[in-house]
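Trainee: Here are the chains, one letter per residue:
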Amino acid sequence: MTEQKTIYEKSSPGRRAVRFPKPEVPLTALPNEFLRKDLVLPEVDELEAVRHFTNLSQLNHGVDTGFYPLGSCTMKYNPRINEETARLSGFAKSHPLQPSETVQGNLKLMYLLQKYLAEISGFSQVTLQPAAGAHGELTGVMIIRKYLYKKGETQRNKILIPDSAHGTNPATSAMNNFKVVEIKSDARGNIDLEALRAECDDTLAGLMLTNPNTLGMFEENVQEVCKIVHDAGGLVYGDGANMNALLGIAKPAEFGIDILHYNLHKTFSTPHGGGGPGSGPVGVVDFLVDYLPGPLVEIVEEDEEGNPFYDLVTPKHSIGRMKAFHGQFGMMVRAYTYILMHGAKGLREVSEMAVLNANYLMHKLKDTYKIPYERTCMHEFVIEGRWEDAPDIHALDISKRMMDFGIHPPTTYFPLIVKEALMVEPTETENLETLDYFVEVMLKIAKEAHEEPEILHAAPLTTPIRRMDEVKAAKDLVLCCVWPEDAIRAE
Amino acid sequence: MNFPTDLKYTTKDEWIRVEGNTATIGISDFAQDALSDIVFVEYAVSEGDDVGKGDTLGTIESVKAASDVYFPVGGKIVAVNEDLLDAPELVNTDPYGEAWMIKIELGDPAEVESMLDAAAYEADTKGRE
Chain A
1 MTEQKTIYEK SSPGRRAVRF PKPEVPLTAL PNEFLRKDLV LPEVDELEAV
51 RHFTNLSQLN HGVDTGFYPL GSCTMKYNPR INEETARLSG FAKSHPLQPS
101 ETVQGNLKLM YLLQKYLAEI SGFSQVTLQP AAGAHGELTG VMIIRKYLYK
151 KGETQRNKIL IPDSAHGTNP ATSAMNNFKV VEIKSDARGN IDLEALRAEC
201 DDTLAGLMLT NPNTLGMFEE NVQEVCKIVH DAGGLVYGDG ANMNALLGIA
251 KPAEFGIDIL HYNLHKTFST PHGGGGPGSG PVGVVDFLVD YLPGPLVEIV
301 EEDEEGNPFY DLVTPKHSIG RMKAFHGQFG MMVRAYTYIL MHGAKGLREV
351 SEMAVLNANY LMHKLKDTYK IPYERTCMHE FVIEGRWEDA PDIHALDISK
401 RMMDFGIHPP TTYFPLIVKE ALMVEPTETE NLETLDYFVE VMLKIAKEAH
451 EEPEILHAAP LTTPIRRMDE VKAAKDLVLC CVWPEDAIRA E
Chain G
1001 MNFPTDLKYT TKDEWIRVEG NTATIGISDF AQDALSDIVF VEYAVSEGDD
1051 VGKGDTLGTI ESVKAASDVY FPVGGKIVAV NEDLLDAPEL VNTDPYGEAW
1101 MIKIELGDPA EVESMLDAAA YEADTKGRE
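Heads up: the protein sequence lines correspond to chains A and G, in order. 355 is the number that the numbering used here gives to position 355 of the first sequence; each next residue is one higher, with no gaps. 1098 is the number that the numbering used here gives to position 98 of the second sequence; each next residue is one higher, with no gaps.
In case anyone wonders, no lab produced these hints; they're calculated from the structure. Cβ atoms here follow ideal geometry from the backbone N, Cα and C, with glycine treated the same way. Any given hint could be a false lead.
[Unchecked claim] Which chain A residues face chain G? A few, computed with CB under 10 angstroms, are given here: (1) Ala-390; (2) His-394; (3) Leu-396; (4) Pro-409; (5) Thr-412; (6) Tyr-413; (7) Phe-414; (8) Leu-416; (9) Lys-419; (10) Glu-470; (11) Val-471; (12) Lys-475.
Can you make the complete structure from the sequences, with help from the hints?
Mentor: What follows is the structure, given as structure tokens:
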């Protein structure tokens, strides 16, 4: 592949894309104080600009261009019909400050999406406000804090987090001024119940549980875990990032979760990566409905013929607003579309296929790659990217090599409890041929690791930018655009 | 992997070197190897602070992960190695020497006795392989 030049390197003085017509008014020079000598703009013709950005866009890897088995991110195909519905003018051209009577359709969609999401997980009510999964977590833990404070139990200052939980959970708890205590996993990848019991005292505020966890394992003792926390007076927060394994099969509220966030951009096929935007609705059990962020959409009255009127209502003890206006409305339209297109039976099939695909891959790889916890997995699984007889090969080398085969690397070095972890989540939308291709690539890479390790150390070999210097990338952060020295013009 | 016999260790991979009533603290060769390239060192404490066993000493971040470092013993901090702030890679190259993190005046010398010797620590790391 040819080397990619920056648009500044393609710049040539005096070249331009647009020629303005002669102005009808006298020209006035910009005032001196607004002239910036350090501001360098590239000078290219229109075709060069078009080619430059078109070529750059083609360097991107997305689920529309290739397999993307990024564990815990559920990079499933986003059906195009979602884009059709989100662009319907009634949805796309309304304003969040319009009077409710002029946007009854939009409010009805939000109302029904609240209901559908509540039904899927067995909750009483759902807020659609949070703008991402971690924002949903923040919402949930704020609800826990307010609920406990209102009960007068201000001594409860501790949140327990299993070592197989999502990485954002400790940050969320710390943001709410809770002390974070890690609970270790047992030999089967479940929460160690003795370690859990030992921490369940009267300072316990709650537990943040990811189920299936980041090992891709269903928490086998989940009901017992929730009971232990509840008996000690704590609440259980469920990280719903891995809901793609449970749709139509298990309801988190029924196994003891009190609060849970959904990731519409994972499970419900709204765009993910490239800016999303994300959307992280939060569901709660009945005794926490009054604490949800407001407003929610409710039916506030019905006319004589029984037609409902939808409006915005703020719960009694609401923690307040989590987002300007109503959240990511465009994503709600897409998720609602996805739910309707599948129906209850279809959603169950989504999870069944997601789990089947993951188990198929795990089974095909298990004789070549070490599986730390050999159990039937859910929608994802973790393998170790290391072999005793290939001591210089690390998970990172394997990930980098996968790029040469047009596959996005899996989640690498997470979860931390697995050495050289590679977390693979194929999702339900990949067909058998793609899964078999992935297996073929993984077996080839394992062979290279033993016979030609230098290939893996040098990978990727086919990308325009080769192996990144990750130390430099982390240490020498350049977070704003710096003009190339030679492009800065002398006055 | 290097496990110097004149040091004491914890199962969380801190080491200490006791000289008189002063202890020097850092992270082990095993820990730096597991973390891989270290890009940041941050301290949670300053010189003069009184700290207890198990308190957070700081955070070490590598290209793979961020890990907290804990005080294996309590006492009063007498020196903080600020060189690591600018040159965190020293933790990779010389974990028991230039990359010492903190020196403390021991609060309770008996706390040192409960720590692991080199052989016991090495056995512990083997169990985690």
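Trainee: Next step is simple, just say for each hint if it's right about the structure.
Mentor: Here's how the hints hold up against the structure:
Interface restraint check for Ala-390 of chain A: the shortest CB-CB distance to chain G comes to about 15 angstroms, outside 10 angstroms, so the restraint is violated. For the restraint placing His-394 of chain A at the interface with chain G, the shortest Cβ-Cβ distance is roughly 8 angstroms, inside the 10 angstroms limit, so the hint holds. About 8 angstroms separates the beta-carbon of Leu-396 of chain A from the nearest beta-carbon of chain G, less than 10 angstroms, and the hint is met. For Pro-409 of chain A, the shortest C-beta to C-beta distance to chain G is roughly 14 angstroms, which exceeds 10 angstroms, and the interface hint is violated.
Checking Thr-412 of chain A against chain G by beta carbon gives a least distance of about 8 angstroms; that is within 10 angstroms, so the hint holds. Because the beta carbon of Tyr-413 of chain A sits about 4 angstroms from the nearest beta carbon in chain G, less than 10 angstroms, this interface hint is met. Checking Phe-414 of chain A against chain G: minimum C-beta separation of about 8 angstroms stays under 10 angstroms; hint holds. Given the 10 angstroms rule on beta carbons, the hint for Leu-416 of chain A holds: about 6 angstroms separates it from the nearest Cβ of chain G.
Interface hint status for Lys-419 of chain A: upheld, as the beta-carbon distance to the closest one in chain G is roughly 8 angstroms, under 10 angstroms. For Glu-470 of chain A, the shortest C-beta to C-beta distance to chain G is roughly 4 angstroms, which falls under 10 angstroms, so the interface hint holds. A cut of 10 angstroms between beta carbons decides the hint on Val-471 of chain A: the least distance to chain G is about 5 angstroms, and the hint holds. Interface hint status for Lys-475 of chain A: upheld, as the beta-carbon distance to the closest one in chain G is roughly 5 angstroms, under 10 angstroms.
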